[in-house]
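> So the chains spell out like this:
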Amino acid sequence: MSEKIYKPGNYPDLPPPPGTVGVYGWIRQNLFSSISNSLLTIISVMLLYYLIDGIIGWFFLDAVFDADSKIACRKIDDGACWAVITRRVGQFVYGFYPEAERWRIDITFLTMFVAFAPLLYPDIPKRKWLLYFSIFYPFFAFVLIMGGYFGLQKIEYSLFGGFMLTVILGVCGIVCSLPLGILLALGRQSNLTVVRTLSVCFIEFMRGVPLITLLFVASSMLNYFLPPGTNFSILVRVIIMFTFFSAAYIAEVIRGGIQAIPKGQYEAADALGMNYWQKTRFITLPQALKISIPGIVNTFIGLYKDTTLVVVIGLLDPLGIGRAALADTKWNGLSTETYLFVALFFFVSCFAMSRYSLWLENKLNTDKK
Amino acid sequence: MVVNKNKSSNPVIEIKEMHKWFGNFHVLKNISLGVNQGERIVICGPSGSGKSTLIRCINRLEVHQQGDIIVNNVELTGDLKNLEAIRSDVGMVFQSFNLFPHLTVLENCTLAPIWVKKLPKKEAEELAMELLTRVKIPEQALKYPGQLSGGQQQRVAIARSLCMQPKIMLFDEPTSALDPEMIKEVLDTMIELAETGMTMLVVTHEMGFAKKVADSVIFMDEGEIIEQNDPKNFFNNPKNDRTKLFLSQILNH
Numbered sequence: 010m011s012e013k014i015y016k017p018g019n020y021p022d023l024p025p026p027p028g029t030v031g032v033y034g035w036i037r038q039n040l041f042s043s044i045s046n047s048l049l050t051i052i053s054v055m056l057l058y059y060l061i062d063g064i065i066g067w068f069f070l071d072a073v074f075d076a077d078s079k080i081a082c083r084k085i086d087d088g089a090c091w092a093v094i095t096r097r098v099g100q101f102v103y104g105f106y107p108e109a110e111r112w113r114i115d116i117t118f119l120t121m122f123v124a125f126a127p128l129l130y131p132d133i134p135k136r137k138w139l140l141y142f143s144i145f146y147p148f149f150a151f152v153l154i155m156g157g158y159f160g161l162q163k164i165e166y167s168l169f170g171g172f173m174l175t176v177i178l179g180v181c182g183i184v185c186s187l188p189l190g191i192l193l194a195l196g197r198q199s200n201l202t203v204v205r206t207l208s209v210c211f212i213e214f215m216r217g218v219p220l221i222t223l224l225f226v227a228s229s230m231l232n233y234f235l236p237p238g239t240n241f242s243i244l245v246r247v248i249i250m251f252t253f254f255s256a257a258y259i260a261e262v263i264r265g266g267i268q269a270i271p272k273g274q275y276e277a278a279d280a281l282g283m284n285y286w287q288k289t290r291f292i293t294l295p296q297a298l299k300i301s302i303p304g305i306v307n308t309f310i311g312l313y314k315d316t317t318l319v320v321v322i323g324l325l326d327p328l329g330i331g332r333a334a335l336a337d338t339k340w341n342g343l344s345t346e347t348y349l350f351v352a353l354f355f356f357v358s359c360f361a362m363s364r365y366s367l368w369l370e371n372k373l374n375t376d377k378k
Numbered sequence: 003m004v005v006n007k008n009k010s011s012n013p014v015i016e017i018k019e020m021h022k023w024f025g026n027f028h029v030l031k032n033i034s035l036g037v038n039q040g041e042r043i044v045i046c047g048p049s050g051s052g053k054s055t056l057i058r059c060i061n062r063l064e065v066h067q068q069g070d071i072i073v074n075n076v077e078l079t080g081d082l083k084n085l086e087a088i089r090s091d092v093g094m095v096f097q098s099f100n101l102f103p104h105l106t107v108l109e110n111c112t113l114a115p116i117w118v119k120k121l122p123k124k125e126a127e128e129l130a131m132e133l134l135t136r137v138k139i140p141e142q143a144l145k146y147p148g149q150l151s152g153g154q155q156q157r158v159a160i161a162r163s164l165c166m167q168p169k170i171m172l173f174d175e176p177t178s179a180l181d182p183e184m185i186k187e188v189l190d191t192m193i194e195l196a197e198t199g200m201t202m203l204v205v206t207h208e209m210g211f212a213k214k215v216a217d218s219v220i221f222m223d224e225g226e227i228i229e230q231n232d233p234k235n236f237f238n239n240p241k242n243d244r245t246k247l248f249l250s251q252i253l254n255h
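Chains as they are written, first to last, in the numbering used here: chain A, 10 to 378; chain B, 3 to 255.
Keep in mind the hints are simulated off the structure, nothing from the lab.
Cut-off 35 Å, straight-line C-alpha distance, at most; resulting in silico cross-link-like pairs (DSBU-like, lysine-lysine):
no. : chain 1 : residue 1 : chain 2 : residue 2
1   : B       : 123       : A       : 137
2   : B       : 186       : A       : 272
3   : A       : 135       : B       : 123
4   : B       : 18        : B       : 214
5   : A       : 299       : B       : 123
6   : A       : 137       : A       : 163
7   : B       : 138       : A       : 372
8   : A       : 135       : B       : 124
9   : A       : 272       : B       : 18
10  : A       : 272       : B       : 119
11  : B       : 169       : A       : 288
12  : B       : 213       : A       : 272
13  : B       : 124       : A       : 372
14  : A       : 272       : B       : 31
15  : A       : 288       : B       : 31
16  : B       : 138       : A       : 299
17  : A       : 135       : B       : 119
18  : A       : 137       : B       : 119
19  : B       : 120       : A       : 288
20  : A       : 299       : B       : 83
21  : B       : 145       : A       : 288
22  : B       : 120       : A       : 372
23  : A       : 272       : B       : 120
24  : A       : 372       : B       : 119
25  : B       : 246       : B       : 186
26  : B       : 120       : A       : 135
27  : B       : 145       : A       : 372
Work the whole structure out from these sequences, hints included.
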């Protein structure tokens, strides 16, 4: 034993035992670690095979993509009848926006990504210049969609519908409710009694009332509460209600984030002589928002899907368009195809938001890197 | 013990008959204390004796209810203008570092100089790098606090406070949250700081540090200053029984 004196380097790093790492190791540990696990794996794979076989057949292989009616579809093949979508895709996307003017929606939609890029990706090149465009974008989008200026034909909001309506309501609601939610969260934590009480009342009222009642208020009563002479279109009123509703939820999510910040952070900022707004801007909000990302995005996704509720006050969101299509005798009974299509649209949008939030969380995680 | 040549008879902190309560609990009782420019004072005492609360009153992280605290000839009141002036003259280092985890080490150091002192960014960064070099971690400037060891974090916290170019530094148990092997690097930084002539108030149980650096050692118990003396007399012939008991407890284990 006496010659076994420890010297650095006497114990080299050994490779892990075979069969515990790599693809083979992963499969062995996760899929075939015991007899019951192996059985479960085999049964699941068989089930998946039959399911996927049927799903692919119905969705693609046996599906009909163009026909004049449901009956015509059935004569060709017995899978899904996507003709109800392909024949009415214009309505699903643009509602009743005049066909000759639909390029305006396309441009607004595509430029929206340019406007959002500098806000969503802080490391983007030429961010400062893009930010100017982001500030200018709401006016640009408003003029382009509504028309009535620069020789553009004025379009009535009652013609709006489909995915375009969803995106307008969702994006406006999301963009307006985040800053309002932040202010409400700060207000609720404020030392000023009046500000705090008002914030609490607003949050509790908005959270305590079903969204549908707020939409009815928007459609019928909101003008009574506003100064005489003001007359917002129903679209603006609905956006205001969505904003208020989701701002109340976001305020509570952010309050959770603010309360999760250790007291020592504020003491350190105080000790450095920072005032309230400096503390809020540099210490509180960056940390609170980072903690709240999952909750905020959760609220956004909820808001986005809740835009389908506008159907109760007569706006034609994708579900409304779908219902109109199903009411057509030619397409009677194709509700599976119609609702699956609408669901797919919502799923893609919401999944994108969810992935973005994961990416952002990872990026802002400063503990590793 | 080194002789402090920087100590002058110019008082920078004067506390007169100060009292503080937490609710009904009387935490600080009739505290009177004068600190001269360049003086190094170590405050010790059992936990709950009010020593942290005392130094937190000096930059008004805690509000005293009775008596006066005068820092740099400015009296501490509810007046925000006075408060901000005092806070940018008084640096503080905390037990739990309290670095801003979402900012890099460099940004931690430049945030307050840029926004509170309105220093140009480039100047603030040069100053920060100079001070990070002084605490011997310039190479960590672009890392985040979460990537550093406890000792490194505390040295960053010291550099962050020094970036405001304070006249007085308060240390609230700066080594209590550190692993034993990291205590020395922080104490060495503090000793170097003391040699530059900084006025320092240090709450600590590191008696070696007190013997080496302090001009005077204060013993507190139950919200009162029980004894204040130069380190030699304080450690060799404490007068009060409670001081004797405390010293026997922390020195003989």
